[in-house]
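We have chain Y already, so just place chain H on it with the hints.
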Amino acid sequence: MSAVSVVSAVEVRDLRVELGGAPILDGVDLTVAPGEWVTVIGPNGAGKSTLLRAIGGLVTGIGSICLLGTPAAKLRRRDRARMVATVTQSPVVPPGMAVVDYVLLGRTPYIPPLGRESDADLAAVREVLDRLDLSGFADRELATLSGGERQRVFLARALAQGATVLLLDEPTSALDIGHQQEVLELVDQLRHDHGLTVLATMHDLSIAGEYADRMVLLADGRVAAAGHPREVLTEQLLARYYRARVRVVDGEHGPLVVPVRAAGTRVRSAPS
Amino acid sequence: MIEARPGPPAAARAAVGEPRGTRRRPLRPAWLAAGVVAVVVAALAGLAFGPVGLPPGSVAAELLNLIPGVRIDSGLTEREIAILTQLRLPRVVLALLVGGMLALAGGCYQGVFRNPLADPHLLGVAAGAGLGVTAMITLGVGGGAGSGDVTTGLPLTIPLAAFVGALGAVVLTYLLGAAGGRDRTPATLILAGVAVSAFLAAGETYLLQRNADSIREVYAWLLGRLATAGWHDVLLVLPYAAVTAVVVLLHRRELDVLSVGDAEATSLGLHPRRSRYLLIAAASLGTAAAVSATGLIGFVGIIVPHTVRLLVGASYRAILPLSMLFGGAFLALTDLAARTVAAPAEIPIGVVTAFFGAPFFVLVLRTAKRVVL
Chain Y
1 MSAVSVVSAV EVRDLRVELG GAPILDGVDL TVAPGEWVTV IGPNGAGKST
51 LLRAIGGLVT GIGSICLLGT PAAKLRRRDR ARMVATVTQS PVVPPGMAVV
101 DYVLLGRTPY IPPLGRESDA DLAAVREVLD RLDLSGFADR ELATLSGGER
151 QRVFLARALA QGATVLLLDE PTSALDIGHQ QEVLELVDQL RHDHGLTVLA
201 TMHDLSIAGE YADRMVLLAD GRVAAAGHPR EVLTEQLLAR YYRARVRVVD
251 GEHGPLVVPV RAAGTRVRSA PS
Chain H
1 MIEARPGPPA AARAAVGEPR GTRRRPLRPA WLAAGVVAVV VAALAGLAFG
51 PVGLPPGSVA AELLNLIPGV RIDSGLTERE IAILTQLRLP RVVLALLVGG
101 MLALAGGCYQ GVFRNPLADP HLLGVAAGAG LGVTAMITLG VGGGAGSGDV
151 TTGLPLTIPL AAFVGALGAV VLTYLLGAAG GRDRTPATLI LAGVAVSAFL
201 AAGETYLLQR NADSIREVYA WLLGRLATAG WHDVLLVLPY AAVTAVVVLL
251 HRRELDVLSV GDAEATSLGL HPRRSRYLLI AAASLGTAAA VSATGLIGFV
301 GIIVPHTVRL LVGASYRAIL PLSMLFGGAF LALTDLAART VAAPAEIPIG
351 VVTAFFGAPF FVLVLRTAKR VVL
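Line by line, the protein sequences are chains Y and H. Sequence positions in the first sequence follow the UniProt record's numbering and run 1 to 272. Sequence positions in the second sequence follow the UniProt record's numbering and run 1 to 373.
It should be emphasised that the hints constitute simulated quantities derived from the structure, not laboratory data. For each residue, glycine too, the CB sits at the ideal point set by N, CA and C. Accuracy of the hints is not assured; some may be wrong.
[To be verified] Residues from chain Y that keep clear of chain H, each with C-beta distances beyond 12 Å, as calculated:
#1 CYS66
#2 PRO94
#3 ALA158
#4 TYR241
[What the hints assert, rightly or not] Distance ranges between label pairs, derived from CB positions:
#5 H:ALA198 with Y:ASP188: 33 to 41 Å
#6 Y:GLY35 with H:ALA34: 50 to 58 Å
#7 Y:ASP130 with H:ARG273: 31 to 39 Å
#8 Y:HIS203 with H:ALA33: 46 to 54 Å
#9 Y:ALA22 with H:ARG366: 39 to 47 Å
#10 Y:PRO112 with H:ALA337: 27 to 35 Å
#11 H:VAL41 with Y:ASP188: 52 to 60 Å
#12 H:ALA337 with Y:ALA22: 58 to 66 Å
#13 Y:ASP14 with H:ALA201: 30 to 38 Å
#14 Y:GLY63 with H:ALA34: 52 to 60 Å
#15 Y:ALA22 with H:VAL37: 55 to 63 Å
This is chain Y alone, in the form it adopts within the complex (with noise of 0.2 Å):
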C-alpha cells in the first residue's frame, strides 16, 4: 500500500505545448497526489485548458507525463481512458440522446471495439445514476435538462468511466452561484468516497480557494505560483498576473477574493 501512495496521480515535468507554432506552455511542471484536488487558476489564455487537453491526451506535447506512474506516451487509448476522464468545459449535447444512453457512452474504454455492452456495464450506469439521483432522468432527453442537471450528467459519465483521476475544466462556468456550489459540493464527496483525484480549472478564485487542496497559478504558459490556497490567492500575486485589484479576505474555508475598485477611477455625473 506504502508503494502505491507515493505513485503520483498525475506528474508532469517540463511540459511544452505549441499550437500554430505559438507555445501556449513551456517548462510547466505539475504534482497531483491521490485523492487530493488540485485547483489550477490563471488569467484568460494562461494555457489553463491546454494543460488539462495534454493530461488528458487530446493534445500532444513535449515533455513527459505520468499518469499512475505509468508515462502516458506508453499508454493506448482505452488504457488511458479507464485511468483519466475528462469533462470538458462544454461537453456537446447529442440531439436526441436520452440521459441513459449518454452515460453508457462512459463505458466505451470497457467494451471491445465493435462490441456491444455487457450486464456489468449496464450495471455500472445504474449505479452512477443512483449515486447522483440521476434515475428519474434516465428517460429523459439530456438536452431538455437545465444547466445543473446537465453538469451532473456529465460527471456521471466521466464516473461511469472508472477512472480514478477527474480532469474538469471549468465545471461550473455555466451555472449560478447555487449550482456551483452543489456541483463542486457533489464533487468533492465522490472524491471522499470513491478515492478520486480531481485536476479542475476554475474562473471563480474564492470558489477555487474553498475547495481546492492546492492551487496552480499559470500565466503566460508557465507556473507562476503553486501551492496552497492561501500561498496563491494573495493580493499581490493577483496584481501581478490578473492586473486585478483585489482584497483577499480570511475565509472558513479559505481566502475569499473581492474585486475592488479603485479609488478616484468612478466618473461622476455632472452636478446639475
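Using the frame of chain Y, we list chain H on its own:
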C-alpha cells in the same frame, strides 16, 4: 473502481423497480422484425404488380422454389416464371440493394459529419461517382467500355471508377466545408456539397461535349437503370454492398460515441479521425456501388434515416440497420410506383424520389437550424 463493484442485490432492485431505461436495447427486436416485414412486403408487391399481374401467393411459392430441394406448384406458366425470375426479381433485388445502400450511407454520413443534412447527393458524393463512371465510359478506359452497350451490363471496373470519384468528391466537400472555420453550421457543409456538385457536373458536361458519340450511352445510365436491371447488375453491386454493410454496421456504436464530439470521443479511448475516415470510405463505397448500378437517385439518404430516427430515437445502433432495411423497401416501392403510375410509360425513379424528398428536406432543414454543432 465502479466496474468491480457488483450491482445492488436482485431483491433490492426488484423492490425499487428496474429503472426502465437502463435495460433498454437501442435496437428493439420488434423494430427489426418490422423492417424485415417491410422488405418482404415491398419485394412481394414489386414482384406481383406490373403489366402482367402475378398472384402474390404464386410469387411467394416460386420464390421458395428457388431454394434447392423445394418443389411447390405455384400455378404459374413458364412465361410467367421467366418474367418473375429474369425480369422482376433482379429488378426488385437491385432496388432493395441500392435503396439499402443509399439510406445506410446517408445515415452514416449524418453521424460522421454530425450533420442532419448530410446525404450522398447533397455532399456531392453521387456526382463524384457519376463523373467517375462518365470518365470511364467516355474515355473508354477499362476494357472498351465506350464501345459496349450499357444494357448488356457494365464492366466490373465501373464501381471502382465510381468509388474513386465518390471519395474525391467527399474529400473536396469536407475541405471546402471546413474552411468555414468555427462559425460553420450544418448548412455550410451542404453549401460546399452543392458547390462541389456543380463543379463536378461542369466536368461531366465537358467530358460529354468532347465525346459526343457516347452521350446516348451515358444518359441511359444517368437516368437510372433499374428498368434494364439484370442479374449481372445485382452481382456487380453485391460484393461492394456487402463490404459497406459489414463495415458500417460493425462501427455503429462508434458513431454514437462520435456524436459527443472528437475531444470527448478521444478521452473515451477512441481514435475519432481513424473511425471517421474508415466510415466515410465505407459509405462512399456503398454510394458508388449504388450509383454505378442505377445512376443518380436522390434523397433516399435523407428521407429514410430521418424517418427511422423519428421512430426509434437517436442511437445509430438502431438507425443504421433499420435504415438499410427500410431504405431497401422504400426504393422497391418507389420503383413500383415509377413503373405503374403512368403505365405503360415509366417515370424515372429519381424523379419520384425527388418528388417526395424535396419537401421532406425542407422539413429537416427547418429542424436542423436549431442543432448546434
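Assessment of proposed distance window 31 to 39 Å (beta carbons of ASP130 (chain Y), ARG273 (chain H)): Once the Cβ atoms are compared, 36 Å apart, the range 31 to 39 Å for ARG273 (chain H) and ASP130 (chain Y) holds.
VAL41 (chain H) versus ASP188 (chain Y) beta-carbon gap, inside 52 to 60 Å or not: About 59 Å separates the Cβ atoms of VAL41 (chain H) and ASP188 (chain Y), which means 52 to 60 Å holds.
Beta-carbon spacing of HIS203 (chain Y) to ALA33 (chain H) - inside the hinted bounds 46 to 54 Å or not: holds (53 Å)
Range hint 58 to 66 Å (beta carbons of ALA337 (chain H) and ALA22 (chain Y)) holds or violated: holds (60 Å)
Cβ distance range 55 to 63 Å for ALA22 (chain Y) and VAL37 (chain H), holds or violated: Holds, at about 59 Å.
C-beta pair ALA22 (chain Y), ARG366 (chain H): status relative to the range 39 to 47 Å that was hinted: Since ALA22 (chain Y) and ARG366 (chain H) have Cβ atoms about 41 Å apart, the given range 39 to 47 Å holds.
Whether the CB-CB distance between ASP14 (chain Y) and ALA201 (chain H) falls inside 30 to 38 Å: violated (55 Å)
ALA34 (chain H) and GLY35 (chain Y) - C-beta distance against the hinted 50 to 58 Å: holds (52 Å)
Least C-beta distance between PRO94 (chain Y) and chain H, which was stated to exceed 12 Å: Label violated. Min Cβ-Cβ 4 Å, cutoff 12 Å.
Non-interface claim for ALA158 (chain Y), where every Cβ of chain H lies beyond 12 Å: violated (9 Å)
Cβ distance range 52 to 60 Å for GLY63 (chain Y) and ALA34 (chain H), holds or violated: Given range 52 to 60 Å: holds, Cβ gap about 56 Å.
Distance restraint evaluation - PRO112 (chain Y), ALA337 (chain H), Cβ atoms, bounds 27 to 35 Å: violated (43 Å)
Of the numbered hints stated above, those contradicted by the structure are hints 2, 3, 5, 10, 13, listed in ascending order.
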